[in-house]
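Let the sequences and hints guide you as you build the complete structure.
The residues making up each chain are set out below.
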Amino acid sequence: MDLNKLSLKQALDGLKNREFSAEEITRDCLERIKSLEPALNAFVTILEEEALKSAKEADDRIRNRSGLPLLGVPFVIKDNFCTLGIRTTASSRVLDNFVPPYDATVVSKLKDAGMVLLGKTNMDAWAHGSSTETSDYGSTKNPWDLGYLPGGSSGGSAASVIADETIGAIGSETAGSIRQPASWCGIVGLKPTYGRVSRYGLIAMGSSLDSPGPLSKTVEDSALVLQVLAGQDQFDATSSPVKADNYTKDLSKNIDGLVVGVSADYFSVVAEEIKEKIADALAELEKLGATIKQIKLFDPKYAIAVYTILQRAEVSSNLARFDGIRYGYGREEFGEEAKRRIMLGTYVLSAGYYDQYYSKAQKVRTVIVDDFKKAFQEVDVIIGPTAPSVALPLGSSKNHPMFGEIADILVEPSTIAGLPGISIPCGFSNSGLPIGMQIIGPQFSESLILNVAYKYEQATAWHKEKPKL
Amino acid sequence: MRLTEDQVRHVAKLANLFLAEEEIVKFKSQLSETLKSAEELNQIDTAKFEITPQVTGLSNIMRLDATVPSLTQDQALQNARSKENGYFKVKAVFEGD
Chain A
1 MDLNKLSLKQ ALDGLKNREF SAEEITRDCL ERIKSLEPAL NAFVTILEEE ALKSAKEADD
61 RIRNRSGLPL LGVPFVIKDN FCTLGIRTTA SSRVLDNFVP PYDATVVSKL KDAGMVLLGK
121 TNMDAWAHGS STETSDYGST KNPWDLGYLP GGSSGGSAAS VIADETIGAI GSETAGSIRQ
181 PASWCGIVGL KPTYGRVSRY GLIAMGSSLD SPGPLSKTVE DSALVLQVLA GQDQFDATSS
241 PVKADNYTKD LSKNIDGLVV GVSADYFSVV AEEIKEKIAD ALAELEKLGA TIKQIKLFDP
301 KYAIAVYTIL QRAEVSSNLA RFDGIRYGYG REEFGEEAKR RIMLGTYVLS AGYYDQYYSK
361 AQKVRTVIVD DFKKAFQEVD VIIGPTAPSV ALPLGSSKNH PMFGEIADIL VEPSTIAGLP
421 GISIPCGFSN SGLPIGMQII GPQFSESLIL NVAYKYEQAT AWHKEKPKL
Chain B
1 MRLTEDQVRH VAKLANLFLA EEEIVKFKSQ LSETLKSAEE LNQIDTAKFE ITPQVTGLSN
61 IMRLDATVPS LTQDQALQNA RSKENGYFKV KAVFEGD
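Protein chains in written order, with our numbering: chain A, 1 to 469; chain B, 1 to 97.
Simulated from the structure, these hints should not be mistaken for laboratory data.
Nothing false has been slipped in among the hints.
Simulated crosslink set (DSBU-like; lysine-lysine; CA at most 35 angstroms straight-line): (1) LYS28/B / LYS398/A; (2) LYS339/A / LYS13/B; (3) LYS253/A / LYS466/A; (4) LYS36/B / LYS398/A; (5) LYS56/A / LYS16/A; (6) LYS26/B / LYS363/A.
Among chain B residues calculated to face chain A with C-beta under 7 angstroms, some are: (7) VAL11; (8) ALA15; (9) PHE27; (10) GLN30; (11) LEU31; (12) ALA38; (13) THR52; (14) THR56; (15) ARG63; (16) LEU71; (17) GLN75; (18) ALA80; (19) PHE88.
All residues carry an ideal CB built from backbone N, CA and C; glycine is no exception.
Given below as structure tokens:
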């Protein structure tokens, strides 16, 4: 029946109306996974038996009219979220044998909501990269063209969603790791405000930046998942006490009078055909009643340097705990990218260089935070391309020590300021690869950016396009 | 900033990493290149700016000082490569007596 092709909303409606069972959707997803893997290599771990077992349990609960928000829906989770009793590797051989004794908060929330876990998805090792090519388990391929990268670091999650191996996926973003693969794979990716979703049990990369979030087939699906994930967590002191909104309530609200900011510096590094598609999308939003306003944002090129220093420093500190004593293998198993990042981070935090690099970057971070605050006094949201290019061929990240930072130049400033952003499909290149547009809002404005994204999505048909596999 | 090979070796020691000779040569040039591009930040006047240590403005988050169910000793040790009598077993840190 191809139930694997359903959106989350369609799956939930069909389950509720008893048009099909959780077991049937799960079987269709597993069937699809079997036919596409290992060519796609979106998974590190596939949980066939476990998924069927929890689908059957979900069907029992559906018969008992349990009203859980994700009951019986097959999902995949990036392999850097700890899962009780299920191997969790962060795509690094250091953790090849690591079986967590607890669930990440994101995982326990999804389980409590009734989700069926299909498997753990491939990623750049430790989430270090924008290609999924640094995975110790081989690169994931882009479903639109298997000779191309899916983006990263949540590349396995993004590829599995557009390939209909799953109904939805969870990823994590430090700078770009949700939005950029969503853009390269032609799906929706929502990076929430820093602290909106708990980081507890997420294998840490940059602790002042990491944000878990959904990758989905539609904007509404992202809103439904955020509803389950959002909220303060006593196990993550940086999770926010700000009350979560009702994220589906205002999805279809009129955007007449919305002021959209556009900054020229966000277009100067971007391929011509991407500029054209973003211009088309802005024209579409104008038709829906929005006003486009040119603004001058702080040049994103400086965000690369700020991000590189802060992230490398936090990486070196977070990866210090992997010593092969309490879990995993020793530090000799670190791949080249992790070692390169640990080295730079250790250097910028070492005595004599701390002020010159780390403190300086933390001060420029404040400049960027203030710059966005000023911009949001003039405009409601900011729109631009998600990535400077469409998907690049396999191998592109090799021998380029700054590949990820350059691929993510357009998402780094907003993540440095802790802002939420959503990437949605807005067209295709001449070569047939997807193009993504991002909508950025002030902190905790997830409802607003979902609303704008939803209105655009409903007025266009890009999200309905699927690769021929 | 141009790093020397000795500086790379020193940083690797601080980070508890074991690098092959060719990695030291490679990282020397790659890290120098990255630091050079990071020095672009010196073009920005930050004299009037404080650092941003917590981006949503939280500070001193407290919770109730109460015990809650936590991992058992066996669970905490389940991934350890080497253990003895319910403890992690590690190589001696100090030499001699």
